[in-house]
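S.K.: When you get a sec, could you build the whole thing from the sequences and use the hints?
Line by line, the protein sequences give chains A and B.
If you count the first sequence from 1, position 38 lands on 56 in the numbering used here, and the numbers rise without skipping.
If you count the second sequence from 1, position 281 lands on 299 in the numbering used here, and the numbers rise without skipping.
Derived from the structure by calculation, the hints contain no laboratory data.
Note that the coordinates shown come from a computational prediction; the quantities given were computed from them, not determined experimentally.
Among the hints, a few may not be true.
The list cannot tell twin chains apart, which means a pair is met if one copy fits it or any two copies do.
What the hints assert, rightly or not - Below, a list of computed lysine-lysine pairs in the DSBU-like style, where the Cα atoms sit at most 35 Å apart:
| # | residue 1 | residue 2 |
| --- | --- | --- |
| 1 | Lys203 | Lys154 |
| 2 | Lys265 | Lys87 |
| 3 | Lys241 | Lys348 |
| 4 | Lys241 | Lys204 |
| 5 | Lys340 | Lys154 |
| 6 | Lys179 | Lys154 |
| 7 | Lys154 | Lys87 |
| 8 | Lys340 | Lys39 |
| 9 | Lys87 | Lys344 |
| 10 | Lys39 | Lys265 |
| 11 | Lys64 | Lys39 |
| 12 | Lys179 | Lys39 |
| 13 | Lys313 | Lys39 |
| 14 | Lys64 | Lys139 |
| 15 | Lys204 | Lys154 |
| 16 | Lys319 | Lys87 |
| 17 | Lys64 | Lys204 |
| 18 | Lys348 | Lys290 |
| 19 | Lys233 | Lys39 |
| 20 | Lys344 | Lys139 |
| 21 | Lys340 | Lys87 |
| 22 | Lys319 | Lys286 |
| 23 | Lys265 | Lys319 |
| 24 | Lys203 | Lys228 |
Number of protein chains: 2
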Amino acid sequence: MEERTEIANLGEFGLIEHLTKNIELQNASTILGVGDDAAVIDHFGKQTVITTDLLLEGVHFDLMYSPLKHLGYKAVVVNLSDIYAMNATPTHITMSIGISNRFSVEALNEFYEGVYFACEKYGVDLVGGDTSSSLKGLVISVTAIGEVAPNAFVKRSTAQKGDLICVSGELGGAFLGLTLMEREKKIYQENPQVQPDLENESYIVGRLLKPEARKDIIEFFEKNNIVPTSMMDVSDGISSEILHLCKQANLGAVVYEEKIPIADDSRKAAYKFGLDPTVCALNGGEDYELIFTLKQEDYDKITLNEEISVIGYTTEIEEGIKLHTKGGNKFNITAQGWNAFQQ
Amino acid sequence: MEERTEIANLGEFGLIEHLTKNIELQNASTILGVGDDAAVIDHFGKQTVITTDLLLEGVHFDLMYSPLKHLGYKAVVVNLSDIYAMNATPTHITMSIGISNRFSVEALNEFYEGVYFACEKYGVDLVGGDTSSSLKGLVISVTAIGEVAPNAFVKRSTAQKGDLICVSGELGGAFLGLTLMEREKKIYQENPQVQPDLENESYIVGRLLKPEARKDIIEFFEKNNIVPTSMMDVSDGISSEILHLCKQANLGAVVYEEKIPIADDSRKAAYKFGLDPTVCALNGGEDYELIFTLKQEDYDKITLNEEISVIGYTTEIEEGIKLHTKGGNKFNITAQGWNAFQQ
Chain A
19 MEERTEIANL GEFGLIEHLT KNIELQNAST ILGVGDDAAV IDHFGKQTVI
69 TTDLLLEGVH FDLMYSPLKH LGYKAVVVNL SDIYAMNATP THITMSIGIS
119 NRFSVEALNE FYEGVYFACE KYGVDLVGGD TSSSLKGLVI SVTAIGEVAP
169 NAFVKRSTAQ KGDLICVSGE LGGAFLGLTL MEREKKIYQE NPQVQPDLEN
219 ESYIVGRLLK PEARKDIIEF FEKNNIVPTS MMDVSDGISS EILHLCKQAN
269 LGAVVYEEKI PIADDSRKAA YKFGLDPTVC ALNGGEDYEL IFTLKQEDYD
319 KITLNEEISV IGYTTEIEEG IKLHTKGGNK FNITAQGWNA FQQ
Chain B
19 MEERTEIANL GEFGLIEHLT KNIELQNAST ILGVGDDAAV IDHFGKQTVI
69 TTDLLLEGVH FDLMYSPLKH LGYKAVVVNL SDIYAMNATP THITMSIGIS
119 NRFSVEALNE FYEGVYFACE KYGVDLVGGD TSSSLKGLVI SVTAIGEVAP
169 NAFVKRSTAQ KGDLICVSGE LGGAFLGLTL MEREKKIYQE NPQVQPDLEN
219 ESYIVGRLLK PEARKDIIEF FEKNNIVPTS MMDVSDGISS EILHLCKQAN
269 LGAVVYEEKI PIADDSRKAA YKFGLDPTVC ALNGGEDYEL IFTLKQEDYD
319 KITLNEEISV IGYTTEIEEG IKLHTKGGNK FNITAQGWNA FQQ
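M.R.: Written out as structure tokens, the structure reads:
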């Protein structure tokens, strides 16, 4: 039988000590970490970038199909993704959790295993947090801090007319993973004897449960002297993000359906569920890729990187924000693009 | 009738825009505030101090007697208190909230009125956050960032033998406010016709619902060239905090009951409730005062400040951590001092 240690046996200070005793600090800038009123960070002449996310059980994740280790990992990664989206390097996080008595110390260990795994992989230090009881449900709040050379950060609002619109990686997978998991959950709830059928679906399940932040893209930019003219991460789906980038810069856009990168496994899953893969890619969300605009003269530099796709370009605002489909049609891209497509 | 605007009418982006449109940035270090993937902060050669708190409805606050405006104010202030407790100056906060559909836009306006009021009073900029729906209950997560001259921060663990133990302000008031509010809540629940009897209790109610952080004490230190040897803020009660400071520095302590600062209004309330005012001050918590240790040679400097009380001194660890009572008895101070006293 699995061990179950009640959190009450450790007490709050015991719990914090238990969860943080193995932290190994990786950044020279971490002057003081967990255990005081606050942490202290040095800067060596850089600027600090800061972002925060609140994740609530039943709203942002479902523990029925999110293993706690993956959840801990993902909670960190989605915040790091926001730091990379500023063209900055994440260095520190704080992690606060609210937990009901349904969680054991062993369950929290699993969660923090994922947290520390992400910290190690991305080279960030956990320097603070808050551990609290909750009446119901798991509450996770993460703040990520990063650094950037003075004024080298990249905003959402600074695209120029004629810039290339680019995305990293492949889109739609996380949404298809969610669709699969929700379907399997329903089947299980109707008949708990049926085992989930996740064979051959590890790609989309992985995209949902264990996303990665695009550290490699930011490093590629630096190595090749590329500075995007604007950038953000893909959390709501590129339809919504393209609208953001264009509206803030007062621009229009042309996006080519055939250029939108979609993995073969995502296409297959979409067809299986009777969904249009392009719609999944445009509106799916949670891919945690980067979407950015580039000066046309940087085109040659990015062709080196197979992880970057040019999907369109920015135009005058009067031309609208358009998707050119494979069939030769033109649609307005909307934040509720899903509905527009289903008509 | 009061207006009630549903949050769904604004949408997430509309809500964020609504809540942040009146932010006036106060710090030159704020390069980029709300509205991008992350905020950007400059440093001008200082170190950054960071702390975070998670506040959950039903655990940390009760909306039955916590007005939303006060709650917004307090959520900010308790985090600033942690920054001051590092001998640092708070400069920025992020504020994340999870809200159920029971809250209207007007209710959120009230909450943010308190948030912005605290930001203005303490000179900090709100630079980010996350707004999310919650299935049930209000969730508040605040991260505060401050700055300090390189290595001028003060830790909890660095007291020396023979140091003076000092506290700011007066203790026990917040706990007595909580006792009063819980009593009135119970009366109201048993008989909703009975109006709450809060007359003459504004001091203790204020200590509970609208605490202040001790900015003035940190400014006094700087002006008078005082650097405490160790410091933390009083959130759990000074019994618990004295144990922290002593254990981390491997020291004992003598604390004099008669030196513990307690407001007359708190004393009166304690007697009314049949409580020992000293026990309330030792174990009450949520006072958000500062407790710190000082070299004896700094004694003359602090006598200038009526807001600072010397309550004892640190000793060899072998002498234990003792309270000398007015009656001439000596008790061990324990984190569960309450029980020890009630025997």
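S.K.: All the hints need checking, so say for each whether the structure fits it.
M.R.: Hints and how they fare:
no.: 1; hint: Lys203 / Lys154; verdict: both (21 Å within a copy, 22 Å between copies)
no.: 2; hint: Lys265 / Lys87; verdict: between (38 Å within a copy, 34 Å between copies)
no.: 3; hint: Lys241 / Lys348; verdict: neither (37 Å within a copy, 67 Å between copies)
no.: 4; hint: Lys241 / Lys204; verdict: neither (47 Å within a copy, 65 Å between copies)
no.: 5; hint: Lys340 / Lys154; verdict: neither (44 Å within a copy, 39 Å between copies)
no.: 6; hint: Lys179 / Lys154; verdict: neither (49 Å within a copy, 45 Å between copies)
no.: 7; hint: Lys154 / Lys87; verdict: both (20 Å within a copy, 25 Å between copies)
no.: 8; hint: Lys340 / Lys39; verdict: between (53 Å within a copy, 30 Å between copies)
no.: 9; hint: Lys87 / Lys344; verdict: neither (41 Å within a copy, 54 Å between copies)
no.: 10; hint: Lys39 / Lys265; verdict: between (47 Å within a copy, 17 Å between copies)
no.: 11; hint: Lys64 / Lys39; verdict: both (29 Å within a copy, 28 Å between copies)
no.: 12; hint: Lys179 / Lys39; verdict: between (52 Å within a copy, 27 Å between copies)
no.: 13; hint: Lys313 / Lys39; verdict: between (47 Å within a copy, 31 Å between copies)
no.: 14; hint: Lys64 / Lys139; verdict: both (22 Å within a copy, 28 Å between copies)
no.: 15; hint: Lys204 / Lys154; verdict: both (23 Å within a copy, 23 Å between copies)
no.: 16; hint: Lys319 / Lys87; verdict: neither (38 Å within a copy, 53 Å between copies)
no.: 17; hint: Lys64 / Lys204; verdict: neither (50 Å within a copy, 54 Å between copies)
no.: 18; hint: Lys348 / Lys290; verdict: within (26 Å within a copy, 76 Å between copies)
no.: 19; hint: Lys233 / Lys39; verdict: both (27 Å within a copy, 32 Å between copies)
no.: 20; hint: Lys344 / Lys139; verdict: neither (39 Å within a copy, 57 Å between copies)
no.: 21; hint: Lys340 / Lys87; verdict: neither (40 Å within a copy, 44 Å between copies)
no.: 22; hint: Lys319 / Lys286; verdict: within (32 Å within a copy, 75 Å between copies)
no.: 23; hint: Lys265 / Lys319; verdict: within (27 Å within a copy, 58 Å between copies)
no.: 24; hint: Lys203 / Lys228; verdict: within (18 Å within a copy, 46 Å between copies)
Hints 3, 4, 5, 6, 9, 16, 17, 20 and 21 from the list above are not met by this structure, while the remaining hints are.
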